[in-house]
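Just so we're aligned: 239 in my numbering is position 254 of the sequence shown, and the numbers increase by one with no gaps anywhere.
These are computed hints drawn from the structure, not numbers from a lab.
Check the hints yourself; a few may be wrong.
Taking lysine-lysine and the DSS-like style, the derived pairs with C-alpha atoms no more than 27 Å apart in a straight line are [claimed, not checked]:
id: 1; residue 1: K389; residue 2: K403
id: 2; residue 1: K129; residue 2: K389
id: 3; residue 1: K152; residue 2: K219
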Amino acid sequence: MRLLNLILDRPHYKQKNKKIARAKSQGKSRYKRALMELQAIPSFSRYPDVADRAVESLKWGKKHLTKSDRFDWLTGIWKRYLHFLGDPDEGSRRQRIMDKYPQARILGDIQAFHEVFYYAFPAIQGHAKQSGCRVILDMPFFEKENGRAMPLSPDVVIDRLENLEDKYLTDYLASNRFCTEGEPYLETHDGWKWFRIRPGRSREEGEAMRHCGNVPGWCFGDFIYSLREPVDKKGKTFWKPHMTIVCNGLRFRELKGFSNRKPAADFHPHIVDLLGQKKFRGFSRPGYCPKNDFHVCDLSEDHVRELFRLNPSLDQDGLDWHSETVCTLSNGWRWVFIANTDVHGYCRNLSTQGVGSLWSLKGRRGWHILQEPVNVGGSIHWVHRLVLGTRDKCVLGIVRAGEKIDENISFGLLYFLKFHAKGLYYFDLFRMLSVSDRDEVLKATPTLLNHFHPETVMELAPPVCVIEAYLKWTLPIDFHIENERTLVLKEFVSRKELLEYLCFYDQWKERVAKLSDHDGLAATVFVKHLSFRLDGLTVNISRDSGIKLIYPIKGIISLLVGLSHLNDQKTRKSIMEWILRPGMDIVPSANSLI
-14 MRLLNLILDR PHYKQKNKKI ARAKSQGKSR YKRALMELQA IPSFSRYPDV
36 ADRAVESLKW GKKHLTKSDR FDWLTGIWKR YLHFLGDPDE GSRRQRIMDK
86 YPQARILGDI QAFHEVFYYA FPAIQGHAKQ SGCRVILDMP FFEKENGRAM
136 PLSPDVVIDR LENLEDKYLT DYLASNRFCT EGEPYLETHD GWKWFRIRPG
186 RSREEGEAMR HCGNVPGWCF GDFIYSLREP VDKKGKTFWK PHMTIVCNGL
236 RFRELKGFSN RKPAADFHPH IVDLLGQKKF RGFSRPGYCP KNDFHVCDLS
286 EDHVRELFRL NPSLDQDGLD WHSETVCTLS NGWRWVFIAN TDVHGYCRNL
336 STQGVGSLWS LKGRRGWHIL QEPVNVGGSI HWVHRLVLGT RDKCVLGIVR
386 AGEKIDENIS FGLLYFLKFH AKGLYYFDLF RMLSVSDRDE VLKATPTLLN
436 HFHPETVMEL APPVCVIEAY LKWTLPIDFH IENERTLVLK EFVSRKELLE
486 YLCFYDQWKE RVAKLSDHDG LAATVFVKHL SFRLDGLTVN ISRDSGIKLI
536 YPIKGIISLL VGLSHLNDQK TRKSIMEWIL RPGMDIVPSA NSLI
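With these hints in hand, go ahead and build the complete structure from the sequences.
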């Protein structure tokens, strides 16, 4: 099938490569050549909305990514994403990309580009140009890996650039991150102040804080509240922003820190002072990148008490519908469900099967919320410690989660996943469980792992019984796990049975036919020296002449990636034929036994 796809693809890609080569010879710009490359991918014409976003990104890159290798880096992100959106039978080029880059990496790059890189990079580049910092201007977006240049993820690029800024531009940034827009609204601790900007959009705030400044997302009724630190310079006070809050009417819509990241705990006392103003009603529904917003669930219990003492009627999530109690836990916490149709989730770690299953889900949509009871002046306030976007009791994503994950949240998740969740489509939820709770929930419901990439599953190092259940779902062949390190793909009682089994496969039939008999010395030598192209697959011969084809569990990712080449319609025989591809062209002689 792959050979057929290659043959079918060749005219199309030859034509495409000729056009691109012709464009290069004609002196067409890198932007036009990149656009032609994206247009040649079938998904570009199949998904117009995605194509529009890709074109806008290239235009942005043409303006800001002045180095050619950086522009190629951006083009590569979109090429991988468009190939990912394509059909599995679109050809060998798509398959090579999918082999090289896990789905989690492809989707993560697109998300990180839009959430962080798009806003942060122009400011970093501008500061580096003004100060003449060549270390930042010349930092590569690729790094060597196994002798090949591999692209860095957008969030990794920004982290490295910001580290270089801290090292080389500390003094420069200290003088160039000040804001003048807005009016003082509320003084908090240590002379810091909240400033209010009307109307709620500010390019100055956006440039200083490396986000959009609510310019593209502004709507009627928006205000910006900016937390600023006073900095004295030669007897004059300048104001340095550290946090930006978008408030529509009397409800908070976005609460972000520097570069759209979640605000640090150091800012919580200042935040409590602002949110504690009784005029504010609370939070609206989740907006852009809600996982990075500050929320009440980030606060310590003392800060929670202080907040609700100041503003007892604060609404935590803008969820106005009646909540249904799902269960009450032994520690007094509880799970509730609130129905809605607007559910946000992130599915970057899903396998192809998982993506298909996710969008085929039907049922009630809404939020499952883990609540902690907090006594404030004799009145119980239910604090939202974890908000999950769900559909038909399947977890689609984390909408709200605090920075501090403790045993109470782990215990609550354990109970919910064991007894109330039908499915799970957001892998990072596993990382919120303690190791013991995670193992317990996976032993009880191993099918929760079924929809995820092997790479992420194996990172968890789940119990052997859970790995076996996952592989039985993923591997379309019979096997069993012998111990924590070894997978037995096939077992035979004798050499003769093994050789007869190999005769079923065309690539082996001729080799086995060269043996005079299946029980003699030559057959013993042949079996002992069997070699396969699947690295790690070996023959284990026991004393009682039993034979096993064994494979190390640590190499299971390579096996699963290899199997992904095969069409879903392939039979068990063809799958085993791929696994058992011979690695030797010459049958060893009997003398090699001596």
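Here is what the structure says about each hint:
Between K389 and K403 the CA atoms are separated by roughly 22 Å; this keeps the pair inside 27 Å, and the hint holds. Proposed proximity of K129 and K389 is contradicted: the alpha carbons are some 36 Å apart, above 27 Å. Between the alpha carbons of K152 and K219 the distance comes to roughly 25 Å, so the proposed pair stays at or under 27 Å and holds.
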